[in-house]
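Chains as they are written, first to last, in UniProt numbering: chain A, 1 to 572; chain B, 1 to 572.
FYI, nobody ran anything at the bench for these hints, they're computed from the structure. Please note: incorrect hints may appear among the correct ones.
What the hints assert, rightly or not - Quick look at which bits of chain A chain B covers, simulated, 3 or more residues with Cβ under 8 angstroms: (1) 182-189; (2) 227-239; (3) 288-294; (4) 316-325; (5) 366-376; (6) 467-473; (7) 522-529.
Claimed, not checked - Here are the simulated BS3-like cross-link-like pairs (lysine-lysine), alpha carbons at most 25 angstroms apart as the crow flies: (8) A/502 - A/468; (9) A/421 - B/382; (10) B/254 - A/398; (11) B/447 - A/382; (12) A/417 - B/468; (13) A/417 - B/382.
Unchecked claim - Under 8 angstroms between C-beta atoms, here's a sample of chain B residues computed to sit facing chain A: (14) 190; (15) 205; (16) 207; (17) 309; (18) 346; (19) 375; (20) 419; (21) 434; (22) 530.
All C-beta atoms, glycine included, are put in the ideal place defined by N, C-alpha and C.
2 protein chains.
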Amino acid sequence: MMSSKPSYPSEGTDSRILRGYCGSESSAVRPKLYLGPGPVPRRYLAEDKCSVAEAIPKQPPQRDVNGMGPIGKQGVNSDQGKCVPPPSVNVPANTQSWLMRKDVWAVQTSIHATNRKLDGTVDGMDTGTSSCLTYKWRVGISQDGLYNKKEGAPIGGWANWDFHLSFDMRAGPIISLASIYDLEKQIFRPVLYKGFVSELFVPYMDLDEEWYYRTFFDAGEYGFGLCAVSLEPMRDCPENAVFMDAYVVGQNGKPVKMSQIFCIFERHAGDIMWRHTETAIPRTIVREARPEVSLVVRMVSTVGNYDYIIDWEFKQSGSIIATVGLTGLLEVRGSKYTHKDQIEEEVYGTLLAQNTIGVNHDHFLIYHLDLDVDGDSNSFVKSNLKTTQVPDHGSPRKSYWRVVSETAKTESDAKIKLGSKATELLVVNPNKMTKMGNHVGYRLIPKSGAGSLLSDDDYSQTRAAFTKYNVWVTPYNKSEKWAGGLYVDQSRGDDTLATWSKRNREIENKDIVVWYTLGFHHAPYQEDFPLMPTLSSGFELRPANFFESNPVLKVKPPQDVMRLNCSILKVV
Amino acid sequence: MMSSKPSYPSEGTDSRILRGYCGSESSAVRPKLYLGPGPVPRRYLAEDKCSVAEAIPKQPPQRDVNGMGPIGKQGVNSDQGKCVPPPSVNVPANTQSWLMRKDVWAVQTSIHATNRKLDGTVDGMDTGTSSCLTYKWRVGISQDGLYNKKEGAPIGGWANWDFHLSFDMRAGPIISLASIYDLEKQIFRPVLYKGFVSELFVPYMDLDEEWYYRTFFDAGEYGFGLCAVSLEPMRDCPENAVFMDAYVVGQNGKPVKMSQIFCIFERHAGDIMWRHTETAIPRTIVREARPEVSLVVRMVSTVGNYDYIIDWEFKQSGSIIATVGLTGLLEVRGSKYTHKDQIEEEVYGTLLAQNTIGVNHDHFLIYHLDLDVDGDSNSFVKSNLKTTQVPDHGSPRKSYWRVVSETAKTESDAKIKLGSKATELLVVNPNKMTKMGNHVGYRLIPKSGAGSLLSDDDYSQTRAAFTKYNVWVTPYNKSEKWAGGLYVDQSRGDDTLATWSKRNREIENKDIVVWYTLGFHHAPYQEDFPLMPTLSSGFELRPANFFESNPVLKVKPPQDVMRLNCSILKVV
Chain A
1 MMSSKPSYPS EGTDSRILRG YCGSESSAVR PKLYLGPGPV PRRYLAEDKC SVAEAIPKQP
61 PQRDVNGMGP IGKQGVNSDQ GKCVPPPSVN VPANTQSWLM RKDVWAVQTS IHATNRKLDG
121 TVDGMDTGTS SCLTYKWRVG ISQDGLYNKK EGAPIGGWAN WDFHLSFDMR AGPIISLASI
181 YDLEKQIFRP VLYKGFVSEL FVPYMDLDEE WYYRTFFDAG EYGFGLCAVS LEPMRDCPEN
241 AVFMDAYVVG QNGKPVKMSQ IFCIFERHAG DIMWRHTETA IPRTIVREAR PEVSLVVRMV
301 STVGNYDYII DWEFKQSGSI IATVGLTGLL EVRGSKYTHK DQIEEEVYGT LLAQNTIGVN
361 HDHFLIYHLD LDVDGDSNSF VKSNLKTTQV PDHGSPRKSY WRVVSETAKT ESDAKIKLGS
421 KATELLVVNP NKMTKMGNHV GYRLIPKSGA GSLLSDDDYS QTRAAFTKYN VWVTPYNKSE
481 KWAGGLYVDQ SRGDDTLATW SKRNREIENK DIVVWYTLGF HHAPYQEDFP LMPTLSSGFE
541 LRPANFFESN PVLKVKPPQD VMRLNCSILK VV
Chain B
1 MMSSKPSYPS EGTDSRILRG YCGSESSAVR PKLYLGPGPV PRRYLAEDKC SVAEAIPKQP
61 PQRDVNGMGP IGKQGVNSDQ GKCVPPPSVN VPANTQSWLM RKDVWAVQTS IHATNRKLDG
121 TVDGMDTGTS SCLTYKWRVG ISQDGLYNKK EGAPIGGWAN WDFHLSFDMR AGPIISLASI
181 YDLEKQIFRP VLYKGFVSEL FVPYMDLDEE WYYRTFFDAG EYGFGLCAVS LEPMRDCPEN
241 AVFMDAYVVG QNGKPVKMSQ IFCIFERHAG DIMWRHTETA IPRTIVREAR PEVSLVVRMV
301 STVGNYDYII DWEFKQSGSI IATVGLTGLL EVRGSKYTHK DQIEEEVYGT LLAQNTIGVN
361 HDHFLIYHLD LDVDGDSNSF VKSNLKTTQV PDHGSPRKSY WRVVSETAKT ESDAKIKLGS
421 KATELLVVNP NKMTKMGNHV GYRLIPKSGA GSLLSDDDYS QTRAAFTKYN VWVTPYNKSE
481 KWAGGLYVDQ SRGDDTLATW SKRNREIENK DIVVWYTLGF HHAPYQEDFP LMPTLSSGFE
541 LRPANFFESN PVLKVKPPQD VMRLNCSILK VV
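Okay, chain A solo, but in the shape it has when bound:
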């Protein structure tokens, strides 16, 4: 059924295109220069070169000297500084050389570096002319055989689900070959050939000299998987979690183990899978209820300041729920202000604490969802709910809505900005029907529909054009994995989902990929400082005429064995 595709993941991530930040190992390996459509890739100063040998001013530059608050007043010396390569994607793409920047952070004033950025400390070198230094931040070159490249690690059958999980330096977790057991047909039926976070885009909204270029592509630049962190039992994951390690290629070509990168657990959240009390039968009450038990696969990627909690949840009812939880540290900037009333200029954010501005920004994540609903030939259907007026005297009703379904023929039919329009989004298999004659399908149910507010000609937006629509559908193409392009740094935006889609290829009854962009606009509030309580969004893939009827109706009720009661609740 899947013979037309390579067995996953034969491509693998070329680690040379990640510029590192979260690299777990370092050595001086000189990467191959990329000479593709964009300008030359960024080169990175070695950490030790930056933080030890370079002159970091004891005091921030004059124009911010009143604005540094506790940091500015202390000043820093070179032992307290740390160099971090900033993003470069807001540089005009036709600039073949630009100033290499280093942001300097005062690490000794806080354990959390990004809370203590020293504004006004910029140094530079011209990447077009200068010679290269070392490449400590750069991760090594990938080699074959480091981790199971065929199909990821198979997760043993859980309830009615079967799927594989693998780790990718760029994407993080990859769910593949997810299929669900059909009790009636007595077979596993495919749902999701491959699902992963293809790219993140985190543009900041500060035009200042030291901030305008902060528009991060966390997967393509840093490696969303490479930035994964070890999970802590009982805190990051519940008591019943099991943990899995991941392996990446070090710069010397040897495998590097990353410990406890995934946790997998059954979720017993106290929710109800389904229930009904029948009260309409005289003198009889019939009640049936089933608690929800699902399986969660979790990874946390800490890309500098932010922690992204990436959950893939499998429900016995057939739903796959992808959730992104945002927590971690706000990226703040120093400021001279200590009260909002002092502010008369545009500060691009919220005064969160004395001398501390939380800068406005967005988080966009685009998921690559290669659905294979009961086979690999699928179509994308928009079911629009249309208000229909009833002719006079046709009925006491004046109006109703009906479902007007539209199968997307080509890519342009499937570009969707979510909003007020009432539309259900489906991936159906036009070659498979239920006994009743409905096309077998899955729905995509979004939880929020934010899209980029940047203008199309903004440099970073050119590269992040995938954020202009929440939904895109493309025919499967082996080379189209990374929505921001294979090489993101300083690219011209000519190898992105938006450019691939311009060909407007046919997508009806084909092996298609749905791309879903979810977003958070983040105008910071004081509660987000210094560390933000988790804010979540996501989407659900829910069976829609995939089964003949409710697939969990026969789930047995749990045994009434009380576990330890941990409640501290008191009801007066």
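Guided by the hints, dock chain B onto chain A, whose structure is given.
Here is chain B on its own, set in the frame of chain A:
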């Protein structure tokens, strides 16, 4: 601080205006006739009169005789039938009399009556002329003193929250006087004076003679609280739940106990309250993570076929999350069709099984949210995120977004249809500021923004005009509790949130009420039959500059005591 308002709930629900369906006790009490602005209220046939004495056809009427499938082929006799009063709100309001309908269901063919509706079985009497029979379905007349009318039942302090919970026959759970402890200020600060489900609107989209009028107002017609059902330990609520009973007034004026109507439990869902791993410090990894533990108050209301799971969740971070889970039985209709290919006419729904159509419909719930953010004088603020173009040469950036906040002066400024516009919705206290000078506030974060698709002149829509906007804000008014009007049945829609708001009253720096409508459009899928796996939506009230900083930063990590491991997970 709250002296301007009556102590809750001095009004109480006048049970005479509920027409019953879920009544827990019955006797022949003749209700007072309501002679208000609408036509005369509906009168109801006694259940025994209907199901025993009346002639229920052995076979469905001729026009559906081929369409009844298993039911139609069996036929029913009078012992198998059951009478249920249908809704009347789709009758033109100026019709002073109309045919009294009874829907007949075959109860012996299924334990779930609404799965086996016998279409084509309509009987009637003219309410304008005929004499009344008995009123068995009608609940009794309320009297004082039945339950604590002052402030509901106080829930003992849980974590940093304090709130009261009470039960109302019409609304179900009412959360009141919710306040949160501020560790820095060392006081409890008010957040939510009162929150409850004010009305539900469930219009079906079938124009057929026996279906066009099915547009239910589940609170105002049936009593959302009156339809609450007993919760089952370990299935409806987790092992650590505690249960509370509720009391209603029976028709004979005596109290009637409803057992285990609320459950209250700590939720340990495996989520993360906040976390961060600091990876940017050379040779040091700092990690802190806190698991999320919240408190959930749950009630389930089974209004005929559907079960609504109503959760109020309190997070230690200050968020209040309201969630509605939809499960229970689809309301289906008989049909002659056994395969989709046979269908050539409009059937208003999906063929779910042989001879069974799941009719398209909506579920709208409107919440009355009387927020008192740090006091009762509040304002409603729309923070619009506006794209701003950067002048040429002003910056290498071309655009950014900024927050343009707009305080709603009058009610018309606060009517909002959620959609693609990037707007944050806040209730702020303009008289209270943080140390940084930000107005103290709470955000309303919607999860979905569906609104009614019916035309404004449709009879039911006139009464359910509150579904035209997702957000409304009104000044507090003691008499404005029920968004569909105090008397919903056959009302003319002249006592609804939409009519109150036409006065366009001032709402700035006043005691205001936010009304939030959430909705589900439901075009049924086969998985929803016969019983639908839970589908959820809701909203979050989240502190926004209410605290000076993250209020849960000092929450201690849990003790590392392993509870019983119930995982059945195997990782290969």
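Cross-check of the supplied hints:
{"no.": "1", "hint": "182-189", "verdict": "violated (count 0)"}
{"no.": "2", "hint": "227-239", "verdict": "holds (count 11)"}
{"no.": "3", "hint": "288-294", "verdict": "holds (count 4)"}
{"no.": "4", "hint": "316-325", "verdict": "holds (count 4)"}
{"no.": "5", "hint": "366-376", "verdict": "violated (count 0)"}
{"no.": "6", "hint": "467-473", "verdict": "violated (count 0)"}
{"no.": "7", "hint": "522-529", "verdict": "holds (count 6)"}
{"no.": "8", "hint": "A/502 - A/468", "verdict": "14 angstroms, holds"}
{"no.": "9", "hint": "A/421 - B/382", "verdict": "21 angstroms, holds"}
{"no.": "10", "hint": "B/254 - A/398", "verdict": "43 angstroms, violated"}
{"no.": "11", "hint": "B/447 - A/382", "verdict": "21 angstroms, holds"}
{"no.": "12", "hint": "A/417 - B/468", "verdict": "21 angstroms, holds"}
{"no.": "13", "hint": "A/417 - B/382", "verdict": "22 angstroms, holds"}
{"no.": "14", "hint": "190", "verdict": "17 angstroms, violated"}
{"no.": "15", "hint": "205", "verdict": "4 angstroms, holds"}
{"no.": "16", "hint": "207", "verdict": "4 angstroms, holds"}
{"no.": "17", "hint": "309", "verdict": "6 angstroms, holds"}
{"no.": "18", "hint": "346", "verdict": "7 angstroms, holds"}
{"no.": "19", "hint": "375", "verdict": "18 angstroms, violated"}
{"no.": "20", "hint": "419", "verdict": "3 angstroms, holds"}
{"no.": "21", "hint": "434", "verdict": "6 angstroms, holds"}
{"no.": "22", "hint": "530", "verdict": "7 angstroms, holds"}
Checked against the numbered hints given earlier, the structure breaks hints 1, 5, 6, 10, 14, 19 and satisfies all the rest.
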